[in-house]
Structures are given as structure tokens and as C-alpha cells.
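Peer 1: Numbering-wise (the working numbering), the sequence shown opens with residue 2 and increments by one.
If you're looking for bench data, these hints aren't it; they were derived computationally from the structure. Treat the numbers as computed from the prediction; the structure is a model and nothing was measured. Hints are all accurate, no fakes.
Computed beta-carbon distance windows for the label pairs:
#1 Ser68 with Pro100: 53 to 61 Å
#2 Asn114 with Pro21: 42 to 50 Å
#3 Ala97 with Gly73: 49 to 57 Å
C-beta: ideal position from N, C-alpha, C; glycine also.
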Amino acid sequence: AFASSGAATASVPVGNGGIPTGWNAELEQSELNGNGDYVTATFYLPRGICTAYPLKIRLTLMWEGGSGDPTGDASTILSVLPQEVAGLLVADPAGAVIPSARTEANTDTLIANAATAQTFVPSGTQRTKRFSDERVGFDVSSYYEGDALDVRFELDNDGTSNNDLIVWAIEVSGVKWTAGERI
2 AFASSGAATA SVPVGNGGIP TGWNAELEQS ELNGNGDYVT ATFYLPRGIC TAYPLKIRLT
62 LMWEGGSGDP TGDASTILSV LPQEVAGLLV ADPAGAVIPS ARTEANTDTL IANAATAQTF
122 VPSGTQRTKR FSDERVGFDV SSYYEGDALD VRFELDNDGT SNNDLIVWAI EVSGVKWTAG
182 ERI
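Using the sequences and the accompanying hints, generate a full structural model.
Peer 2: Structure follows, in C-alpha cells:
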């Protein structure tokens with residue numbers, strides 16, 4: 002479940018033939034059913050991530066409702082904001098070789114920086130089918146494993162066909178520092 006503003010709980014039929022082979026998936030606060038509705042989530046940069054590489058965010062979405070299939074004129078906004086966390090081991094600001102815990106004095110406030118925002122038209126063209134949109138280029142080069150990543154996804158304009166947009170999942174991926182493997 003996501004935190005949200007205006008988002009409704011989606012009840013989506015999955016499977017076929019009734020229980021136990023079909024049912025309604027209940028997705029709390031995941032149906033963006035009006036312009037300006039959004040969901041938020043917080044992730045943490047995992048151990049072993051190489052922050053020299055930008056993050057990728059993959060959204061699994063589905064169009065629902067409206068007067069027909071999407072017409073390609075809807076728009077969404079994905080905002081991503083890395084946040085420092087006090088107490089994590091970081092490069093010593095005094096230049097010592099041994100990492101030290103980030104102090105509160107060296108930790109930005111939650112409103113110190115602006116998020117990176119990308120506006121885009123979701124790729125899905127049919128209702129009741131999941132589709133995936135991947136967005137790239139979210140810089141975390143000034144951050145460390147364990148720092149927070151606040152994500153906000155908004156239905157900016159539901160388009161001519163007035164469709165709702167259901168958020169099934171948000172996935173964050175990066176490059177593992179040890180061997181360049183994905184994490």
C-alpha cells in the first residue's frame with residue numbers, strides 16, 4: 002500500500018473461474034482517479050549500491066475506467082528525492098580514511114533540496130492490462146547506502162478518455178558496486 006492524496010482503493014479482478022482460481026486484488030490507495038491524485042513511497046538505498054550510477058524507477062501501471070482506451074494525451078509526473086539520514090557511515094568530512102557516522106549537523110533537512118521531476122505520457126494503450134514504464138537518470142551520487150529515497154507519482158492529466166490509473170508497483174534499481182551487477 003502507498004500513502005496517497007485522493008487515491009482510491011482499487012478492486013481489480015485477476016484470474017478466472019472464481020475463488021480459488023480467480024479473485025479481486027485489493028490495492029489500497031493505488032487508484033489515481035482524478036487529476037492531481039498521487040501516491041508516495043519511501044525506499045532506502047540498499048547495501049552495495051554504487052551511487053556513481055543513476056537510479057532507474059520502474060512503474061507497473063494499469064489504465065481503468067473512462068470512456069474507452071487511453072488516447073495518448075494523459076500525462077503523469079514522477080518526482081524522486083534522495084534524502085540524507087543521520088547516523089550512517091559516510092566519508093569523513095574532515096578527510097580521515099576511516100568512514101564516520103554522519104552527524105545531524107551534516108545532514109540536510111527534509112526541505113533543503115528539490116526533487117528531480119519527470120513528466121511523461123504512460124505507455125499503456127489498453128484498459129485492464131498491466132504495463133511497465135521505466136524512467137532513468139535519478140542522480141544519487143552524493144548519497145550513501147541507507148539514505149532515503151522519497152518517490153511521488155502523480156496523475157497530472159487523465160486525458161480525453163478520462164481514465165483512472167492504477168499503480169501496481171514501484172521498483173527502484175541501481176548498479177551494485179562489487180561487480181557491476183544489478184541489485
